[in-house]
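Q: Each chain, written out:
2 protein chains.
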Amino acid sequence: MKRFVFSTALLFTLIFTLQACQNPGTQTAQSEKEKTIYPKGDLAPSEFFTGNAYVHGLVDADSVFTTAAGNVVFEAGARCNWHSHPAGQILLVTAGKGYHQIEGEPKEIIRKGDVVKCPPNVSHWHGASADSSMTHIYMVPNTEKGIVEWGDAVTDEEFNSTK
Amino acid sequence: MKRFVFSTALLFTLIFTLQACQNPGTQTAQSEKEKTIYPKGDLAPSEFFTGNAYVHGLVDADSVFTTAAGNVVFEAGARCNWHSHPAGQILLVTAGKGYHQIEGEPKEIIRKGDVVKCPPNVSHWHGASADSSMTHIYMVPNTEKGIVEWGDAVTDEEFNSTK
Numbered sequence: 000m001k002r003f004v005f006s007t008a009l010l011f012t013l014i015f016t017l018q019a020c021q022n023p024g025t026q027t028a029q030s031e032k033e034k035t036i037y038p039k040g041d042l043a044p045s046e047f048f049t050g051n052a053y054v055h056g057l058v059d060a061d062s063v064f065t066t067a068a069g070n071v072v073f074e075a076g077a078r079c080n081w082h083s084h085p086a087g088q089i090l091l092v093t094a095g096k097g098y099h100q101i102e103g104e105p106k107e108i109i110r111k112g113d114v115v116k117c118p119p120n121v122s123h124w125h126g127a128s129a130d131s132s133m134t135h136i137y138m139v140p141n142t143e144k145g146i147v148e149w150g151d152a153v154t155d156e157e158f159n160s161t162k
Numbered sequence: 000m001k002r003f004v005f006s007t008a009l010l011f012t013l014i015f016t017l018q019a020c021q022n023p024g025t026q027t028a029q030s031e032k033e034k035t036i037y038p039k040g041d042l043a044p045s046e047f048f049t050g051n052a053y054v055h056g057l058v059d060a061d062s063v064f065t066t067a068a069g070n071v072v073f074e075a076g077a078r079c080n081w082h083s084h085p086a087g088q089i090l091l092v093t094a095g096k097g098y099h100q101i102e103g104e105p106k107e108i109i110r111k112g113d114v115v116k117c118p119p120n121v122s123h124w125h126g127a128s129a130d131s132s133m134t135h136i137y138m139v140p141n142t143e144k145g146i147v148e149w150g151d152a153v154t155d156e157e158f159n160s161t162k
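Sequences listed follow chains F and L, in order.
Note that numbering that gives the first Met the number 0 has the first sequence beginning at 0, numbered continuously upward.
Note that numbering that gives the first Met the number 0 has the second sequence beginning at 0, numbered continuously upward.
Do not take every clue at face value.
Because identical chains share one entry, a pair is satisfied inside a single copy or across any pair of copies.
Said to hold, decoys possible - The list that follows gives simulated cross-link-like pairs (lysine to aspartate or glutamate, EDC-like), each with its CA atoms no further than 20 Å apart:
| # | residue 1 | residue 2 |
| --- | --- | --- |
| 1 | 96 | 113 |
| 2 | 111 | 59 |
| 3 | 34 | 102 |
| 4 | 34 | 151 |
| 5 | 144 | 61 |
| 6 | 116 | 143 |
| 7 | 34 | 113 |
| 8 | 34 | 107 |
Rather than coming from a laboratory, the hints here were simulated on the basis of the structure.
Note that the coordinates shown come from a computational prediction; the quantities given were computed from them, not determined experimentally.
Work out the full structure, taking the sequences as your base and the hints as a guide.
A: Below, the structure is given as structure tokens:
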């Protein structure tokens, strides 16, 4: 009987240890948080965005640096409206997988580490992919020329197009 | 004797499981890699840097966006020389802890998530802290005015100064 109790106790300890190992709980939540460089930011306005996107401003345009920059987190399926920038825009994709499309060109898949440029006064949109979130830093140069001109929302057909 | 063998076997299994749990090996290496957005880049020239820093270019200056950008990883103790930018510079600290100093001002501690601006034609230096690496994205706006003018190396006295 003593042997049975001892062995069972050891077995339960082993099972418990394995479970703790596979589900480290707090540790996982913490390392997820550590991966994020910036706070999630504010929910982007539905007037210019479809789905949930969060914007955290980093650099406000001024007359010295004439540059605006910020961080945007797009949840899967979320995207901004078609829009253009008088002096163009540069995106640095820092996490996940998303889409970018310049008007008249095929939709391109963009991934963590990619750099995307959209020329001045050319309409484009960007966002998460259908099945993954995407985070990017945006840079708008030469803001003395203007920052952004918003257009129509990106339809589901446009978002899901593979052409 | 059978009881001893069985218990010992269970005990070793438990110890082995705990060790595997604490030292997940490949898993840790993989998640470290996943944390890094960009490749480490090329070793920065000792002419302009003290210690080991690695530069990975992201955006080459051109006449359309007039912006240069890149990623720099500074190992603990590494820093760039004193230098200035004709149109200023913006730094986005994405990992670790480092130092930034504008000439005539105290050295400031900069951390992951911080945004640092240095005005046009003002001498400054940036790098890791003494005990931690630091990674930042740099943005140089209005590159039609020039990109960088290098000065003297940052001495150990300057680097370690707490004033």
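Q: List, from low to high, the hint numbers that the structure doesn't satisfy.
A: Result: hints 3, 4 and 8 break, sorted rising.
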